[in-house]
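K.L.:
Following the hints, position chain B with the ligands against chain A.
Number of protein chains: 2
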Amino acid sequence: MKLYEQVAHSIAERIEQSFYQTGEKLPSIRSLSLTHEVSISTAQEAYRLLEDQGWAESRPKSGFYVINKQKAPQHLPDLSRPIQKPIEISQWEEVLNLLCASTTSDIVQLSRAIPDLEAPTLKPLTRIMSDLNKHAQASMLSYESLRGADSLRLQIARLMVDSGCRLHPDDIIITTGCQEALSASLRAITQPGDIVAVDSPSFYGSMQAIKAHGLKAIEIPTHPETGISLEALELALEQWPIKAIQLTPTCNNPLGYTMPVEHKKRLLELTSRYDLPIIEDDIYGDLSYISPRPPSIKSFDTQGRVLLCSSFSKTLAPGLRIGWVAPGRYVNLVMHMKYVVTASTSTLPQHAIAEFIAQGGYERHIRKMRAQYHQSRDVMIGWVEKYFPVGTKISYPQGGFVLWVELSDEIDTVILNERTMRQNVSIAPGMLFSGSGKYSNCMRLNFTDKPSVKNENAIKTVGNMVSKMLTDLL
Amino acid sequence: MKLYEQVAHSIAERIEQSFYQTGEKLPSIRSLSLTHEVSISTAQEAYRLLEDQGWAESRPKSGFYVINKQKAPQHLPDLSRPIQKPIEISQWEEVLNLLCASTTSDIVQLSRAIPDLEAPTLKPLTRIMSDLNKHAQASMLSYESLRGADSLRLQIARLMVDSGCRLHPDDIIITTGCQEALSASLRAITQPGDIVAVDSPSFYGSMQAIKAHGLKAIEIPTHPETGISLEALELALEQWPIKAIQLTPTCNNPLGYTMPVEHKKRLLELTSRYDLPIIEDDIYGDLSYISPRPPSIKSFDTQGRVLLCSSFSKTLAPGLRIGWVAPGRYVNLVMHMKYVVTASTSTLPQHAIAEFIAQGGYERHIRKMRAQYHQSRDVMIGWVEKYFPVGTKISYPQGGFVLWVELSDEIDTVILNERTMRQNVSIAPGMLFSGSGKYSNCMRLNFTDKPSVKNENAIKTVGNMVSKMLTDLL
Ligand SMILES: Cc1ncc(COP(=O)(O)O)c(C=O)c1O
Ligand SMILES: Cc1ncc(COP(=O)(O)O)c(C=O)c1O
Numbered sequence: 001m002k003l004y005e006q007v008a009h010s011i012a013e014r015i016e017q018s019f020y021q022t023g024e025k026l027p028s029i030r031s032l033s034l035t036h037e038v039s040i041s042t043a044q045e046a047y048r049l050l051e052d053q054g055w056a057e058s059r060p061k062s063g064f065y066v067i068n069k070q071k072a073p074q075h076l077p078d079l080s081r082p083i084q085k086p087i088e089i090s091q092w093e094e095v096l097n098l099l100c101a102s103t104t105s106d107i108v109q110l111s112r113a114i115p116d117l118e119a120p121t122l123k124p125l126t127r128i129m130s131d132l133n134k135h136a137q138a139s140m141l142s143y144e145s146l147r148g149a150d151s152l153r154l155q156i157a158r159l160m161v162d163s164g165c166r167l168h169p170d171d172i173i174i175t176t177g178c179q180e181a182l183s184a185s186l187r188a189i190t191q192p193g194d195i196v197a198v199d200s201p202s203f204y205g206s207m208q209a210i211k212a213h214g215l216k217a218i219e220i221p222t223h224p225e226t227g228i229s230l231e232a233l234e235l236a237l238e239q240w241p242i243k244a245i246q247l248t249p250t251c252n253n254p255l256g257y258t259m260p261v262e263h264k265k266r267l268l269e270l271t272s273r274y275d276l277p278i279i280e281d282d283i284y285g286d287l288s289y290i291s292p293r294p295p296s297i298k299s300f301d302t303q304g305r306v307l308l309c310s311s312f313s314k315t316l317a318p319g320l321r322i323g324w325v326a327p328g329r330y331v332n333l334v335m336h337m338k339y340v341v342t343a344s345t346s347t348l349p350q351h352a353i354a355e356f357i358a359q360g361g362y363e364r365h366i367r368k369m370r371a372q373y374h375q376s377r378d379v380m381i382g383w384v385e386k387y388f389p390v391g392t393k394i395s396y397p398q399g400g401f402v403l404w405v406e407l408s409d410e411i412d413t414v415i416l417n418e419r420t421m422r423q424n425v426s427i428a429p430g431m432l433f434s435g436s437g438k439y440s441n442c443m444r445l446n447f448t449d450k451p452s453v454k455n456e457n458a459i460k461t462v463g464n465m466v467s468k469m470l471t472d473l474l
Numbered sequence: 001m002k003l004y005e006q007v008a009h010s011i012a013e014r015i016e017q018s019f020y021q022t023g024e025k026l027p028s029i030r031s032l033s034l035t036h037e038v039s040i041s042t043a044q045e046a047y048r049l050l051e052d053q054g055w056a057e058s059r060p061k062s063g064f065y066v067i068n069k070q071k072a073p074q075h076l077p078d079l080s081r082p083i084q085k086p087i088e089i090s091q092w093e094e095v096l097n098l099l100c101a102s103t104t105s106d107i108v109q110l111s112r113a114i115p116d117l118e119a120p121t122l123k124p125l126t127r128i129m130s131d132l133n134k135h136a137q138a139s140m141l142s143y144e145s146l147r148g149a150d151s152l153r154l155q156i157a158r159l160m161v162d163s164g165c166r167l168h169p170d171d172i173i174i175t176t177g178c179q180e181a182l183s184a185s186l187r188a189i190t191q192p193g194d195i196v197a198v199d200s201p202s203f204y205g206s207m208q209a210i211k212a213h214g215l216k217a218i219e220i221p222t223h224p225e226t227g228i229s230l231e232a233l234e235l236a237l238e239q240w241p242i243k244a245i246q247l248t249p250t251c252n253n254p255l256g257y258t259m260p261v262e263h264k265k266r267l268l269e270l271t272s273r274y275d276l277p278i279i280e281d282d283i284y285g286d287l288s289y290i291s292p293r294p295p296s297i298k299s300f301d302t303q304g305r306v307l308l309c310s311s312f313s314k315t316l317a318p319g320l321r322i323g324w325v326a327p328g329r330y331v332n333l334v335m336h337m338k339y340v341v342t343a344s345t346s347t348l349p350q351h352a353i354a355e356f357i358a359q360g361g362y363e364r365h366i367r368k369m370r371a372q373y374h375q376s377r378d379v380m381i382g383w384v385e386k387y388f389p390v391g392t393k394i395s396y397p398q399g400g401f402v403l404w405v406e407l408s409d410e411i412d413t414v415i416l417n418e419r420t421m422r423q424n425v426s427i428a429p430g431m432l433f434s435g436s437g438k439y440s441n442c443m444r445l446n447f448t449d450k451p452s453v454k455n456e457n458a459i460k461t462v463g464n465m466v467s468k469m470l471t472d473l474l
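Protein sequence lines correspond, in order, to chains A and B. Read in order, the letters of the first sequence are residues 1 to 474 in full-length UniProt numbering. Read in order, the letters of the second sequence are residues 1 to 474 in full-length UniProt numbering.
Isolated chain A (complex conformation) (with noise of 0.2 Å):
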């Protein structure tokens, strides 16, 4: 962290714990040089940073003041209403287009969810697997093991620790990346033709996986601060003959929430009833902004019930494909789901990754990532409330980097897509993260970048051309 950063951050945490109260004013620039021993323009760029974060505002001839900082809960998005039955899943085109959208790097992308590659605590892993080539041995170009290999799997048991999960590291497989352990685990416990049950919105990824399997999704109503409906679950459960759950309860893509705990526990309770499986996708979980980061579903699971699947992508890259699933009592099935698909996982990453983990590498990043991305996200919400018509709504992430928007039902975001992209910025429309083409007046964004002057441009350019649409209907 720079010096301004880290005067600001000790002045927001200050505002967090309510020394400060809203309304209050907060010390001169000049006091705040004095006590952080730092220069007066250190001084004046903290208070910048703490104004685009939305902590304070500054009074014309007056000063800083702090304001209500929990105002963004205030315009969150509403409750997701799906339709209420099971459905086919579309928009396998609308996927493809945003995948193979050109990545020229003239182009902002605030619609893919690509972690931070360029953060220096990065630099030891690819240092490690430069090392391991250059000395590969034939081992390292052999298929590894089946399961994966073991110094890997003991290091992301140990990993799993904090998520409050004890499990033996043969309780775990590695998979290429995260998609294919959702993938694995869903052909594992279903048969084409039943019904699964998602949160929505959702990752188009998992939604896609659900609709090259065969299956059907229904769609379940889902807060944007506490996750999926247990009350519609239910209700749906009585209803359908619902084979399998798939959700991600922890720094869910895209909304953000964590489900409260009490919430993962009656899920489970609730499913027990039904001897229902849980596929639990984690990939954003130790990414939260809470530290220790909040346990998984799969920790309070007695019954061996849920997968938890999980990757590196979004903690370190997911350029090297490395992910896992932990599948309790379905194991069996899902390696052989596994081996059929793609045979045992790249070898030479695996090693590297459990080195860094070893070292204490992993441990050092996460940390610098997370207050990162925490940062982020509220100069990022900052920019919307500045950059957007009034009446937009706005998810509060608890981790990872991704914003979810909500604007008036009129706007349609793949048209908006269109247009942003002639000015270089792309966005990832709501529409993928459905079934069924709901949630079209949303988008995705990604706070991934440090904040900078190019990326608010990006926002002011999205916000300028909602506002002109908007202008276009009168």
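None of these hints come from the bench; they were simulated from the model. Possibly wrong hints are sitting among the right ones.
If chains are identical, the list can't say which one is meant, so a pair holds when it fits in one copy or spans any two.
Computed cross-link-like contacts, DSS-like style, restricted to lysine-lysine with a CA-CA straight-line distance of at most 27 Å [claimed, not checked]:
| hint | residue 1 | residue 2 |
| --- | --- | --- |
| 1 | K438 | K460 |
| 2 | K438 | K134 |
| 3 | K123 | K368 |
| 4 | K2 | K216 |
| 5 | K2 | K460 |
| 6 | K216 | K243 |
| 7 | K134 | K123 |
| 8 | K134 | K450 |
| 9 | K243 | K134 |
| 10 | K2 | K25 |
| 11 | K25 | K85 |
| 12 | K438 | K368 |
| 13 | K438 | K243 |
| 14 | K25 | K61 |
| 15 | K265 | K25 |
P.N.:
This is chain B with the ligands only, laid out in the frame that chain A set:
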């Protein structure tokens, strides 16, 4: 090649070209040493190798004579006779056992099909990977495009010209090994319950994919020299609603044959009546001992009906998990299936391999490996003939590094493997290569390594055990 190997090679070539006829006396050690300007001991070593490879035999006090090299085909296994109706694949437990078998270095693994990973011609590839990692840009850590790296698809399109294919890079999708290519292809063109015709014996990985996708297989009788019986296939097509064919026509695993070009063409004709898609597994194609390599079925396909699947697992290194599929007219369906199971393929190895090919490293390596495996084949066949009971039938591979051995009907190679494992030698039991537990008296052995005393002893161990089992039966 060592000096004595060069000398032996030149003699072998002359025998092959009929300059020396069966039964004819070969030059004396002394004259060999003179004409090739090598030491007496080098000439002696050359003859020892020719003996091992089955080109020559020494007659006491007389010298070396050409022996009937064409005898191998006389001892070929019979045309396979699998059950002529669709079956559900079993044998997953057995495959899992093979794959999860202990791989400590004191075991001679004749069971697995892993290329020589110690070859010096592979070093430039690991160097490129090390360098790419050292200067890792963010792009190397990020998701590669869904289709795969442009540079690699271009190089593969160029390589495939050798097999007679003229493809555009966009006709190719990069996959996580050949396994994903096969699996995504199968799922793209079939529905659960469908029947797929396969050659038999057949690679267990593709058989298990058929099982996992809820398909039935009909195993077509297959000739050890010419491959799948077109007559039997024609009958099966008339009798059953077959939805796809899957086969490995070039340097087949496990039988080693290459289908004659005429058969490849007739297969296309035959299936065009039914507009039937063909999954062509070409993973060993570039390891053909004949140069230029034989054309693929795909090279004759004008209708986009052939889905060609391959990878660098046998030519370079399986731990990289980089393969590809050229799915013809099914490209969009295959892309969807690929996306839902693994999203994109790992980034860095794609760029490394592309660079390796561009620098000429691939061609150099393949040329070396072809020669090495060709030589090892002949040594290996010599050993099996020497150490196995009379009546043993042996395949005569045209490429790659696996041998198929058929024993007397009473021998169960699963039991054989249990016993040889106690002496630290593993073999691949034949029943793995059938969906219905056929070939229980067969086994697959690899001859990847350069011939060594250790490997000769391993073959001797297996041969002795077979003899013992036969004696015990009496
Ligand atoms: C919620 C969620 N699950 C799974 C994935 C896929 O992860 P991976 O790249 O590790 O396959 C993503 C990636 O975007 C995601 O956001
Ligand atoms: C005929 C055949 N096809 C496919 C495969 C799987 O290849 P990969 O390791 O590239 O997935 C193998 C590997 O043993 C094979 O022998």
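K.L.:
Hints first: check each against the structure and report whether it holds.
P.N.:
Hint check:
Within a single copy, K438 and K460 get their C-alpha atoms as close as 25 Å, which meets the 27 Å cut-off; across copies the closest is 68 Å, which misses it. When the C-alpha separation of K438 and K134 is checked against a cutoff of 27 Å, the pair qualifies neither within a copy, at 50 Å, nor between copies, at 45 Å. For the homomeric pair K123 and K368, the shortest alpha-carbon distance inside one copy (13 Å) is at most 27 Å, but the shortest distance between copies (37 Å) is not. Taking the shortest Cα distances, K2 and K216 never come within 27 Å of each other, neither inside one copy (49 Å) nor across copies (62 Å).
Proximity of K2 and K460 under a CA criterion of 27 Å is satisfied intra-copy only: 26 Å inside one chain copy versus 69 Å between copies. For a Cα distance limit of 27 Å, the shortest separation of K216 from K243 qualifies both inside one copy, at 10 Å, and across copies, at 25 Å. In this assembly of identical chains, the alpha carbons of K134 and K123 lie at most 27 Å apart whether taken from the same copy (17 Å) or from different copies (9 Å). Proximity of K134 to K450 under the C-alpha cut-off of 27 Å is restricted to the inter-copy arrangement: shortest distance 24 Å between copies versus 33 Å within a copy.
Proximity of K243 and K134 under a CA criterion of 27 Å is satisfied in neither setting, with 48 Å inside one chain copy and 47 Å between copies. Taking the closest pair of Cα atoms, K2 and K25 come within 27 Å of each other only inside a single copy of the chain (25 Å); across copies the shortest separation is 85 Å, beyond that limit. For a Cα distance limit of 27 Å, the shortest separation of K25 from K85 qualifies neither inside one copy, at 53 Å, nor across copies, at 84 Å. Taking the closest pair of Cα atoms, K438 and K368 never come within 27 Å of each other, the shortest separation being 36 Å inside a single copy and 58 Å across copies.
Taking the closest pair of Cα atoms, K438 and K243 come within 27 Å of each other only inside a single copy of the chain (23 Å); across copies the shortest separation is 36 Å, beyond that limit. In this assembly of identical chains, K25 and K61 lie within 27 Å of each other by CA distance solely inside one copy; the values are 13 Å within and 110 Å between copies. In the homo-oligomer, the alpha carbons of K265 and K25 never lie at most 27 Å apart, since the shortest distance is 42 Å inside one protomer and 85 Å across protomers.
When each numbered hint is compared with the structure, violations occur for hints 2, 4, 9, 11, 12 and 15.
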